[in-house]
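> These are the residues of each chain, in order.
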Amino acid sequence: MFSLELLPEAILFGVLLGCFYAAVSIGLSVAFGLLDVPHIAHPAVMVFGAYCTYVLGRYGWDPILSGLVLMPLFFVLGMGIYRFYYETFEKRGSEAGVRGLAFFFGLTLIIEVGLILGFGVDQRMVEAAYIGQSLRLGEMRIPMRMLVAFSVAVLLTVGLTLYLSRTFTGRAIKAVAQDEPALRLMGANPVRIKQWAFGLATGVTALAGAMLIIVGPVEPSLDRVYIGRTFAVVVLAGLGSMTGTVAAGLILGISESIVLMMFGASWAPAVAFGLLLIVLGIRPQGLFGR
Amino acid sequence: MRKSGTPFWIGAAVVVGAAALAAWLITNEYYFFAGYIVVTFVILATAWNILGGYAGYVNFGTAAFFGLGAYTSVVLIQSIGAPLAVQILAAALLSGLLGFGAGLLTLRLRGIFFAIATVALIVIMETLFINWRYVGGATGIQLLRPSPIPPFESYTKMLFVGQVIMAVVAVAVARYMETSWIGRGLRAIRDSEEAAECSGVPTLKLKLAACTVSGALMGAAGAPMPMYLSFVEPASTFNLTYSIGALASAMVGGTATWLGPVLGALLLSTIQQIVTVTISNEMNVLVVGVLLVVFVVAAPEGIVGLLRKLRRAK
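From first to last, the protein sequence lines stand for chains A and B. For the first sequence, the positions run 1 to 290 when our numbering is used. For the second sequence, the positions run 1 to 314 when our numbering is used.
Please keep in mind that the hints were generated in silico from the structure rather than gathered at the bench.
Derived contacts from chain A toward chain B, CB cut-off under 10 Å, selection only:
1) His39
2) Gly100
3) Leu107
4) Leu109
5) Ile110
6) Glu112
7) Ser266
8) Trp267
9) Ala270
10) Ala272
Yeah, the Cβ is synthetic: ideal placement off N, Cα and C, and Gly gets one too.
Take these sequences, add in the hints, and give me the full structure.
Structure follows, in structure tokens:
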């Protein structure tokens, strides 16, 4: 049963987990929050990234290095996906909603089955010096892999936030989210900006995938749990808010960690979805809604 | 708009008659075992289409309603040994209630938000039943089949014929909703909810009705599942496969009419059954995924739309 002595540890673990959740959601925060693309395939793309990291890991590559190398490749992949989505659905306008959703749902399935056919249903993991070790902090033990993921997550989130608020392209992306017709009137091409932004979101997801396999073993169907977690974070954050993404990630991480300690692992998967339902029911615009 | 219903009802009677005749003549149990699944997907796709096709609300939560139906049966069998008909009715009632709840969500949620909320329903349902020992928890529960009711000589055949009757009822309900003022209202909601509301369409009532009926049919389809498998466990009962099958069948068949989901489900589930047996289970999911994407991209009106184009070309 739960005792209060465990609470600090639960919260500390929750904070680490929360930053990790923020980092895996940040790509979706751009793709769905800013660009309004119903990107349900985001977690599947991330798991795909994790498997790419696994493959590179077999050649002795460090997972973080692999994640960084994969980023430009995924960037191009993301641009391709958006281009296709735009040409087939967004441009035609009507009924894009239902069909766009079904399209990304199908894409999720294809990625998932592709991974099963390629690697089987067994769990896969990577090896690195820092995986398996842990840092002692008084009574508490913090796994190194969580700390590594945490650091990368913080860097990634801060980097992307700065990029969106300081650079010209970043501001253009935010402008597309705010008022697309106005941007068009200013002479900019919203489609190209959105394509760039979607590529960016997908590139970031490659690094998130590398962190995913650092934090724990992956299996092809892992994306299903992360549909709940990533969308919970993005919706709770308020669509497209980067600060909100971090806050929401922390809320989810801490609640999941506390539930895990109080009620056991079998209840943990419901936390993200429960939180999501509550937010959708009470405050659909999220914490930092625009 | 209103067409004569006679050909439809003759067709329905022929389908039920053929199922009964097949049960009487064919001895190989496997056909009924596989056929049961195909017919189940016909019901699920038809039910999905009431909300997803007519009203344009994408429901990823078919598995939640289906699973709730199946577990309602388990509880009834465990506690009072209720007969099949009672299980089905109770399952329809409870899943209908869950559907009503989902309908209340549509008050504030549209598009992807509603879709994601329905995914949440699956996980929450699954977690509840994993942690409920009485119905077997995570390991599942073994159930004993009672002896079949005469004139049926095997339980699988009886379930098959029962499921066919249920499918005919489901299609009739969907067809009624489609051709009556309800369907017109739902289509108005799909095209523009604001415009519908402004023109006096009772949008909330219609959405609640569509969600409730859709949920009830999905639950009813799941109710005989425990007896069909004589075993139930949460992971396979609340499996996303049911959601995928229902959505993909309706999308592939065509969402505009009741015929689309029926054709789509017959085609897709039959392919799936064949691929599962001859190649592998993973391949069967891949086939569904690829077909779904191809149809959504290249033939948005599904098989029914393609057939119509063919006829017009002639």
